[in-house]
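K.L.:
One-letter residues, chain by chain:
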Amino acid sequence: MELIYDQSREGRRAITLDALDVPEAALPRDLLRTEAAGLPEVSELDVVRHFTRLSQLNFGIDSHFYPLGSCTMKYNPKIAEAVAALPGFAELHPHLSSDEALWAHCQGAFEVVYEVEELLAEIAGMKAVCLQPIAGAHGELAGTLLMAAYHRDKGHTHKKKIIIPDSAHGTNPASAAIAGFDIVEIPSTPDGAIDFDAYTAAMDDTVAGVMTTCPNTHGLFEPRILEIAALAHKHDALLYYDGANLNAIMGECRPGDLGFDVMHYNVHKTFATPHGMGGPGCGPVGVSERLVPYLPGPRVARREGRFVLETPPRSIGRMAPFFGNFMMAVRGYAYIRHLGNEGLKDVSRVAVLNANYIHARLKHAYTPAFAGRFMHECIFTAAAQAQKGARALDIAKALLDEGYHAPTVYFPLTVKESIMIEPTETESKETLDAFCDAMLRIATRIEEDPMAFRNSPTTMPVGRLDEVKAARDLNCVC
Amino acid sequence: MSWVPTTETERREMLGVIGVQSIDELFEAIPPKVRLKSWNVPEGVSEMAVRDLLTRMAAKNPSDLTGFLGGGYYDHYIPAAVDALAGRQEFYTAYTPYQPECAQGTLQSIYEYQSAICRLTNMDFANASLYEGGTAIFEAATMSMRITRRRRIVCHSSVNPIYREQLRTHTSSMDVELVDGEDPAGAACVIVQNPSFLGALRDYTALGTACHEAGALLVVSFYPISLGLVKTPGEMGADIAIAEGQSLGIPLNFGGPYLGIMATRASHVRKMPGRIAAATQDAQGRRGFVLTLQAREQHIRRAKAMSNICSNQALCALRALIYLCLMGKEGLRDVARHCHAKSEYLKGLLGAGNILNDGPTFNEFAVRLKRPASETVGLMAKRGFLAGLPLASVGAGGPNDLLVAVTERRTRAELDAFAAALREVAWN
Numbered sequence: 001m002e003l004i005y006d007q008s009r010e011g012r013r014a015i016t017l018d019a020l021d022v023p024e025a026a027l028p029r030d031l032l033r034t035e036a037a038g039l040p041e042v043s044e045l046d047v048v049r050h051f052t053r054l055s056q057l058n059f060g061i062d063s064h065f066y067p068l069g070s071c072t073m074k075y076n077p078k079i080a081e082a083v084a085a086l087p088g089f090a091e092l093h094p095h096l097s098s099d100e101a102l103w104a105h106c107q108g109a110f111e112v113v114y115e116v117e118e119l120l121a122e123i124a125g126m127k128a129v130c131l132q133p134i135a136g137a138h139g140e141l142a143g144t145l146l147m148a149a150y151h152r153d154k155g156h157t158h159k160k161k162i163i164i165p166d167s168a169h170g171t172n173p174a175s176a177a178i179a180g181f182d183i184v185e186i187p188s189t190p191d192g193a194i195d196f197d198a199y200t201a202a203m204d205d206t207v208a209g210v211m212t213t214c215p216n217t218h219g220l221f222e223p224r225i226l227e228i229a230a231l232a233h234k235h236d237a238l239l240y241y242d243g244a245n246l247n248a249i250m251g252e253c254r255p256g257d258l259g260f261d262v263m264h265y266n267v268h269k270t271f272a273t274p275h276g277m278g279g280p281g282c283g284p285v286g287v288s289e290r291l292v293p294y295l296p297g298p299r300v301a302r303r304e305g306r307f308v309l310e311t312p313p314r315s316i317g318r319m320a321p322f323f324g325n326f327m328m329a330v331r332g333y334a335y336i337r338h339l340g341n342e343g344l345k346d347v348s349r350v351a352v353l354n355a356n357y358i359h360a361r362l363k364h365a366y367t368p369a370f371a372g373r374f375m376h377e378c379i380f381t382a383a384a385q386a387q388k389g390a391r392a393l394d395i396a397k398a399l400l401d402e403g404y405h406a407p408t409v410y411f412p413l414t415v416k417e418s419i420m421i422e423p424t425e426t427e428s429k430e431t432l433d434a435f436c437d438a439m440l441r442i443a444t445r446i447e448e449d450p451m452a453f454r455n456s457p458t459t460m461p462v463g464r465l466d467e468v469k470a471a472r473d474l475n476c477v478c
Numbered sequence: 001m002s003w004v005p006t007t008e009t010e011r012r013e014m015l016g017v018i019g020v021q022s023i024d025e026l027f028e029a030i031p032p033k034v035r036l037k038s039w040n041v042p043e044g045v046s047e048m049a050v051r052d053l054l055t056r057m058a059a060k061n062p063s064d065l066t067g068f069l070g071g072g073y074y075d076h077y078i079p080a081a082v083d084a085l086a087g088r089q090e091f092y093t094a095y096t097p098y099q100p101e102c103a104q105g106t107l108q109s110i111y112e113y114q115s116a117i118c119r120l121t122n123m124d125f126a127n128a129s130l131y132e133g134g135t136a137i138f139e140a141a142t143m144s145m146r147i148t149r150r151r152r153i154v155c156h157s158s159v160n161p162i163y164r165e166q167l168r169t170h171t172s173s174m175d176v177e178l179v180d181g182e183d184p185a186g187a188a189c190v191i192v193q194n195p196s197f198l199g200a201l202r203d204y205t206a207l208g209t210a211c212h213e214a215g216a217l218l219v220v221s222f223y224p225i226s227l228g229l230v231k232t233p234g235e236m237g238a239d240i241a242i243a244e245g246q247s248l249g250i251p252l253n254f255g256g257p258y259l260g261i262m263a264t265r266a267s268h269v270r271k272m273p274g275r276i277a278a279a280t281q282d283a284q285g286r287r288g289f290v291l292t293l294q295a296r297e298q299h300i301r302r303a304k305a306m307s308n309i310c311s312n313q314a315l316c317a318l319r320a321l322i323y324l325c326l327m328g329k330e331g332l333r334d335v336a337r338h339c340h341a342k343s344e345y346l347k348g349l350l351g352a353g354n355i356l357n358d359g360p361t362f363n364e365f366a367v368r369l370k371r372p373a374s375e376t377v378g379l380m381a382k383r384g385f386l387a388g389l390p391l392a393s394v395g396a397g398g399p400n401d402l403l404v405a406v407t408e409r410r411t412r413a414e415l416d417a418f419a420a421a422l423r424e425v426a427w428n
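If you read the protein sequences in the order shown, they are chains A and B.
Read in our numbering, the first sequence has 232 at position 232, and its numbers run on one by one without any break.
Read in our numbering, the second sequence has 376 at position 376, and its numbers run on one by one without any break.
Rather than coming from a laboratory, the hints here were simulated on the basis of the structure.
One or more hints might be untrue.
What the hints assert, rightly or not - Have a look at the derived ranges for each label pair, beta carbon to beta carbon: (1) B:R287 with A:A434: 31 to 39 Å; (2) B:R286 with A:H158: 53 to 61 Å; (3) A:E24 with B:R287: 39 to 47 Å; (4) B:L178 with A:G340: 40 to 48 Å; (5) A:D257 with B:K271: 39 to 47 Å; (6) B:R12 with A:T311: 47 to 55 Å; (7) A:D62 with B:R287: 23 to 31 Å; (8) A:R13 with B:N40: 55 to 63 Å; (9) A:D62 with B:P42: 23 to 31 Å; (10) A:A371 with B:L178: 47 to 55 Å.
Stated by the list, open to error - Over the 12 Å line for every Cβ pair with chain B, so calculated as not near, a few chain A residues: (11) A174; (12) H233; (13) E289; (14) R290; (15) E304; (16) P313; (17) T381; (18) A383.
What the hints assert, rightly or not - Simulated coverage check for chain A against chain B, where a stretch passes if three residues somewhere in it have a Cβ under 8 Å from a Cβ of chain B: (19) 32 to 38; (20) 76 to 83; (21) 126 to 140; (22) 271 to 278; (23) 396 to 408.
Everything numeric in this text was worked out from a predicted model, so none of it was measured.
Just so you know, even glycine gets a beta-carbon here, dropped at the ideal spot from N, CA and C.
With the rest of the complex left out, here is chain A (with noise of 0.2 Å):
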């Protein structure tokens, strides 16, 4: 499609101002650019027609199933959106926080993180949760820097590593290693399980924290995590919960009663907001009670009826300007207003059906990367189709001309070929049984002709795009 700035025309017009009300003012000429920027010079319908058709390229929850393994997508709900667009919240200035005297100018919008917060602890069985976090990474970094102040505090200079199995998401090691870890990866075993006796090993007293999400990312439930807590634990190691998996186990566990000391929640995930292509998404950190006082600042208060600001005593600092994405907060609450306590644990009770389901349906096609129950995720390796040529990229290819986004693949790093479906439980079962079906059939053609999808896609605007030309040209800008 054509670039927007190849439908520049000199003079055309968009969006204009009134004519200046005031008189001209000028700036000093050392000052000012020399000259425009070269923006494109379009009409209004240019724009719309041109973002709109770009628009239609892509593969989006509400028009495409979108099984993409580690990443929840599940249906986000337009009553949240509606919501997030009231003037009261959209066009609140985030300054109205900064001093005690506008305070009452913003008590609703206070309302809502004191709410959120309180909602998401409990549901985490944590003893209070932090909204400044811009996104899961965000919410790790911030939480492996409590880690940090903790044990600063706490006079244990000797505690400098941080304990992550291989499975785990990049970002664990990448943020605890900017909080000052030094990162001790340890393997899983041939059933998908931390390696206990690898784990038991590596634990000693310099060990600052243990990183691991339950269910892990092979989509098992972590069988030892009471006893990986409770050795973290004795060796006064705190235990942190990347809750990327949280949809597995709402209202059925709480990681905060499996041991867990920290954590960060993906509102984006579990919570529904929008994924956005990448971003806002929304990654609350959340602490038992030894942490607390090390919470980002300033948080919510509730005193005498009303909400007010207050700082932690040994407060970390701000990780955020305000209170993150508060927008993402607001989706999030209307969301888990609605779904209540029976709603909540519905969620992930149908999540964790609908993986075993196509586990089920799909099993004998494909191998399962491990033998055990999976909760809402199920993984699979493609080697065998591999080994005759069709990778796991190969499926993935063909899934899209199917008119299927593909499952992740590639990830967690510690399966070959792996192929990672989360179907989540906002969809039906027909629609899981069209996608079962299409598995089938592109198993089926590959045994038949495992070069068969070598040229997939071929229904998509584009082909597969070479990606070696473009990290050599780095063609980036325009």
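Given the structure of chain A, go ahead and fit chain B onto it with the hints provided.
P.N.:
Using the frame of chain A, we list chain B on its own:
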């Protein structure tokens, strides 16, 4: 109360295919002693009730005050087409373009956004965006450390005090030395903000030269709307340009989501954090777009990645791109011209003697009142004005100092009324 479509009959059928008796059986891996018995989550309510609840909460935030509050976040006009287009589900319900063939809309829009940012700033490369303006400073600081292999970060007093606090938090466990001022000797970078937090404009070209002679980088945090008129980071010799992009078509949103903008010189692109889209082609020679240079990122480099960031504010970047297209070359200049002229007009009404800035400002300036600024904003709110930011509240001024911002949305009549009210309230 649910978006789950699965009927009881279907659940039973599915359990049969799985080969278990109940959904509970699927959760048997959870140790019984930690299975949740009860929690204190309220029962669900209808969509109608949710809308009423949130509408009541929103109504507790009166949005009818005439705004002069800025401090890094501004009340600019957002054309209707921005919401109409960014509200298309194909954009907002899509995710990271892991499968580029079904995400060309996302990828081309990122490419066009990167191009718009470079055209705006006169820089060579831009990334697909970062979280917001404060974390962008942190990313620029660590990027400078990677490039120079130095550990001293110099942060100038022009920088927003909230960003400075964010920088302290983010680097609190790193081997880094944070220094105030603008001395580039031995530094990885000197970070400045233009206009300054108090609104002052300065040409940082000479500082850029001094930085380069000392082997340091110049990092300029800019205000996107100001670049409709003002000398660009590129023209000043900046090595990294960063910004809070909220002013480009993104609502105030009580603090987020916002947009972290980052651009750099060609020589540093491989050290830049965040996603980057690039043009390439398919086997038939058709142009298409992909994410590139991913070997820098956390999902491959893990602990050795350029950054832990694994998202971008793509939807906010799209809004910024659409905004810049709708305003266009002339429109952006007009917005900047109006902001500046109206701000100068208000300065005139308030009296030069009360203005704390002694040099040129863009659309924001500090005034010294005769009574505490905090008290003043409370009284002004009763008269229908959001008068500005009391500078003491963010540690950037004395108790009587107020930061006042003017955007293109303010009319002459509003400026006149505001000046009259502020004179009565604060200088009487």
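K.L.:
Hints the structure violates: just list their numbers, smallest first.
P.N.:
Of the numbered hints, just 11 does not hold.
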